[in-house]
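If you read the sequences in order, they're chains A and B. Per the numbering used here, the first sequence runs over residues 1 to 464. Per the numbering used here, the second sequence runs over residues 1 to 202.
Please note that a few of the clues may not be correct.
To be verified - Below, simulated SDA-like cross-link-like pairs (lysine to any residue); rule was C-alpha separation at most 25 Å, straight line:
| id | chain 1 | residue 1 | chain 2 | residue 2 |
| --- | --- | --- | --- | --- |
| 1 | A | K295 | B | A162 |
| 2 | B | K12 | A | A51 |
| 3 | A | K31 | B | L72 |
| 4 | A | K77 | B | R10 |
| 5 | A | K77 | B | E127 |
| 6 | A | K31 | B | S2 |
| 7 | A | K31 | A | I16 |
| 8 | A | K18 | B | P87 |
| 9 | A | K166 | A | I94 |
| 10 | A | K77 | A | V214 |
| 11 | A | K31 | B | H155 |
| 12 | A | K77 | A | A51 |
| 13 | A | K273 | B | P87 |
| 14 | A | K448 | A | S355 |
| 15 | A | K273 | A | I94 |
| 16 | A | K18 | A | K362 |
| 17 | A | K295 | B | R10 |
| 18 | A | K101 | A | H118 |
| 19 | A | K295 | A | A50 |
| 20 | A | K31 | B | R193 |
| 21 | A | K166 | B | G188 |
| 22 | A | K18 | A | R321 |
| 23 | B | K12 | A | V343 |
| 24 | A | K383 | A | P408 |
| 25 | A | K362 | A | M109 |
| 26 | B | K12 | A | A50 |
| 27 | A | K31 | B | E29 |
| 28 | A | K273 | A | D207 |
| 29 | A | K77 | B | T80 |
| 30 | A | K295 | B | S2 |
| 31 | A | K378 | A | I94 |
| 32 | A | K77 | B | A162 |
| 33 | A | K164 | A | D207 |
| 34 | A | K273 | A | E299 |
| 35 | A | K273 | B | H102 |
| 36 | A | K31 | B | P31 |
The set of hints was computed from the structure by calculation and includes no laboratory data.
The lines below spell out each chain.
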Amino acid sequence: MSAFTDRADAALADPILKTAVERTAGTAEAKRAVAVDAFPDFEAARDRAAAIKDHVVAHLGAYLEQFEANAIAAGAKVHWAQTADEACRIAIDICKAAGAKSVARSKSMLGEEIGLPHALAEAGIGRVETDLAEHIIQLADERPSHIIWPAMHKTREQVSALFKAKHRTPHEEETIAAMAESARRELRGRMLGADVGISGANFLIADTGAVCTVTNEGNAELSLVPPRVHIVTAGIEKIVPSMSHAVHMLRMLARSATGAALTQYTTFYTGPKRPADRDGPEEMHIILVDNGRTKMRSEGLAEMLRCIRCGACMNHCVVFRQIGGHAYGGTYPGPMGAVLTPVLDGLRQSRDLASACTLNGKCQEVCPVRIPLPTLLKGWREKSWREGLEPTSMRWGLGVWAWVARRPALYRLGTGVAVRALRLLGRGGWINALPLAGGWTRHRAMPKPAARTFMTQYREQQDR
Amino acid sequence: MSAREAILARLKGPPPSAAAAEALLIAPERPVVDAAALEAEFLARLALPSVSASHDVIERLEQLPAAVARYLAAHGAAPTLCVPPDPVLRTCDWSGLTLHDHAAPEESAALAVARLGVAETGSLVFETGPRAPMLPNFLALHHIVLLRVRDIVAHLEDAPLAGPQPRAHYWVTGVSGTTDIEGTYVRGAHGPRFLHVILCRD
Chain A
1 MSAFTDRADA ALADPILKTA VERTAGTAEA KRAVAVDAFP DFEAARDRAA AIKDHVVAHL
61 GAYLEQFEAN AIAAGAKVHW AQTADEACRI AIDICKAAGA KSVARSKSML GEEIGLPHAL
121 AEAGIGRVET DLAEHIIQLA DERPSHIIWP AMHKTREQVS ALFKAKHRTP HEEETIAAMA
181 ESARRELRGR MLGADVGISG ANFLIADTGA VCTVTNEGNA ELSLVPPRVH IVTAGIEKIV
241 PSMSHAVHML RMLARSATGA ALTQYTTFYT GPKRPADRDG PEEMHIILVD NGRTKMRSEG
301 LAEMLRCIRC GACMNHCVVF RQIGGHAYGG TYPGPMGAVL TPVLDGLRQS RDLASACTLN
361 GKCQEVCPVR IPLPTLLKGW REKSWREGLE PTSMRWGLGV WAWVARRPAL YRLGTGVAVR
421 ALRLLGRGGW INALPLAGGW TRHRAMPKPA ARTFMTQYRE QQDR
Chain B
1 MSAREAILAR LKGPPPSAAA AEALLIAPER PVVDAAALEA EFLARLALPS VSASHDVIER
61 LEQLPAAVAR YLAAHGAAPT LCVPPDPVLR TCDWSGLTLH DHAAPEESAA LAVARLGVAE
121 TGSLVFETGP RAPMLPNFLA LHHIVLLRVR DIVAHLEDAP LAGPQPRAHY WVTGVSGTTD
181 IEGTYVRGAH GPRFLHVILC RD
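Given the sequences, and given the hints that come with them, work out the whole structure.
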């Protein structure tokens, strides 16, 4: 058993998790469907979004240089990092130079990807997560289980217990509104008192040097305006040529993620505070992070760089809806996570993820930038086979199958026997248990096969 | 080799043509907005549950203080207001309301002047500057916004200014909300719980 199958087993055995995941993902799925129906020609809009991202990825170097020049002209400092460690080191050095004791962080998956929370802890810098879900995760000392709703695996009862144990003035009434109010009381002063604000970027605007963040809570602005220093950690693929290109991507992002026409707060930050401004940080640092992205671009995963982190693929994934995000074991869960995790953590550790996919294609159907996720997952399966990472039993089993399949008479004899044997195991049209394959049938049922194989029936038709 | 050089070396390629980038924006798919009825279109979006802002209409700017006082009284809020140092607002007679220009950590109400309104989404467009701080609009429980009807535009593409950008350009499309606990929507997560738009036909 691999670590992934252990985690998936544990997740499947947890009835609370299934309810919690189903509640949020189900709502997201329904809301997206309504938003997409109301939009004029969403399919053409998806083509356009994919084309914008492909254009950017094709000319990524030039756009990054343009962004850098404009950001510097606006007074920001631009840093480049090839690896996660390098990105964290740059961020920590900026915090130390600023004499920072506390950091307010606005939710960023790139920050999670590079391990920034851990790096801040190691450097002894206090961190307050300001997105409500990230705050819950921080209090519970867990990792996000979804890229839009990081605490979707938590029920209200679990959140209530957590806040009562950790908040200074917790809620008294057992309502979700009272819990949110408790977090508001807890977090506001800490955002206003932070020395440094750290965010990710939803988009980097090449022709202005602006960094765009979107939130519904307004926590990005409250985390990034008061502190003296603002640090942005952004993946290099976040570039768009102009604000108008960003507008198209924002329309797609909000509808695909939450079903809204737009997020409540959408902000474009261009450099630090200007001389006569009343508020804003005195320093703005932008760390452009590669961490495998240039490699993805040159090694067959360029389409994955279109991803705008909306979470629609996981909301619509039958596997994610069963096991939730933690079982995937990486920073990014669901279909997009199964494609990205082998890049970030290595294929050897994560080869199971590509196999934990039914290839039903639902993720590709809802992806706002048309990433061919099932094809990319099949690519990992093939690579895993080529590199000899599949277990001996799998290699041996497939070897036997290939040997038999090249001998049609033997193959037909074998399948004929197998069909009869399987029909004996069927109950009410389904097979719920298979000898030697208990691990497979424990969570799955297989339809009872037809009485005769396709080839037998075909021959009968031909003989008639 | 620096990280910058190493990354850019791996991304070498022909520069993009401006024409190719612009071609990606021809006839974008977007919500239909009746350009002849921008005020009605804007107000319809403002009333959507996702935005859920209230609104009032005044004919002339001098009616602004009374409209603000009316709103605060209706919500049982104290007659105090954080007002940005915008000379346009200073021309009004604010007697009856206590004004201050720095937001407190627990600010009750803040007034701001929107540069534009966007009919497509019901968004309010703001830009920071010496006359327009940003923080009060996120700290206040009641976010009150003055918007001139003539400043309503159809689509989000119409929002950005050409040329040098302000420190922050931001769009507000509702109140601070969260669905982070069991997907249930709560208003006033961190910032404003109420958004009130005062449209001026002047």
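So, going through the hints one by one against the coordinates:
no., hint, verdict
1, A/K295 x B/A162, "violated, 36 Å"
2, B/K12 x A/A51, "holds, 20 Å"
3, A/K31 x B/L72, "violated, 34 Å"
4, A/K77 x B/R10, "holds, 22 Å"
5, A/K77 x B/E127, "holds, 22 Å"
6, A/K31 x B/S2, "violated, 46 Å"
7, A/K31 x A/I16, "holds, 23 Å"
8, A/K18 x B/P87, "violated, 56 Å"
9, A/K166 x A/I94, "violated, 30 Å"
10, A/K77 x A/V214, "holds, 22 Å"
11, A/K31 x B/H155, "holds, 22 Å"
12, A/K77 x A/A51, "violated, 30 Å"
13, A/K273 x B/P87, "holds, 21 Å"
14, A/K448 x A/S355, "holds, 23 Å"
15, A/K273 x A/I94, "holds, 17 Å"
16, A/K18 x A/K362, "holds, 20 Å"
17, A/K295 x B/R10, "holds, 8 Å"
18, A/K101 x A/H118, "holds, 15 Å"
19, A/K295 x A/A50, "holds, 20 Å"
20, A/K31 x B/R193, "holds, 23 Å"
21, A/K166 x B/G188, "holds, 21 Å"
22, A/K18 x A/R321, "holds, 7 Å"
23, B/K12 x A/V343, "holds, 22 Å"
24, A/K383 x A/P408, "violated, 28 Å"
25, A/K362 x A/M109, "holds, 23 Å"
26, B/K12 x A/A50, "holds, 21 Å"
27, A/K31 x B/E29, "holds, 20 Å"
28, A/K273 x A/D207, "holds, 19 Å"
29, A/K77 x B/T80, "violated, 40 Å"
30, A/K295 x B/S2, "holds, 17 Å"
31, A/K378 x A/I94, "violated, 41 Å"
32, A/K77 x B/A162, "holds, 23 Å"
33, A/K164 x A/D207, "violated, 48 Å"
34, A/K273 x A/E299, "violated, 41 Å"
35, A/K273 x B/H102, "holds, 17 Å"
36, A/K31 x B/P31, "holds, 17 Å"
In terms of the numbered hints stated before, the structure departs from hints 1, 3, 6, 8, 9, 12, 24, 29, 31, 33 and 34, listed from lowest to highest.
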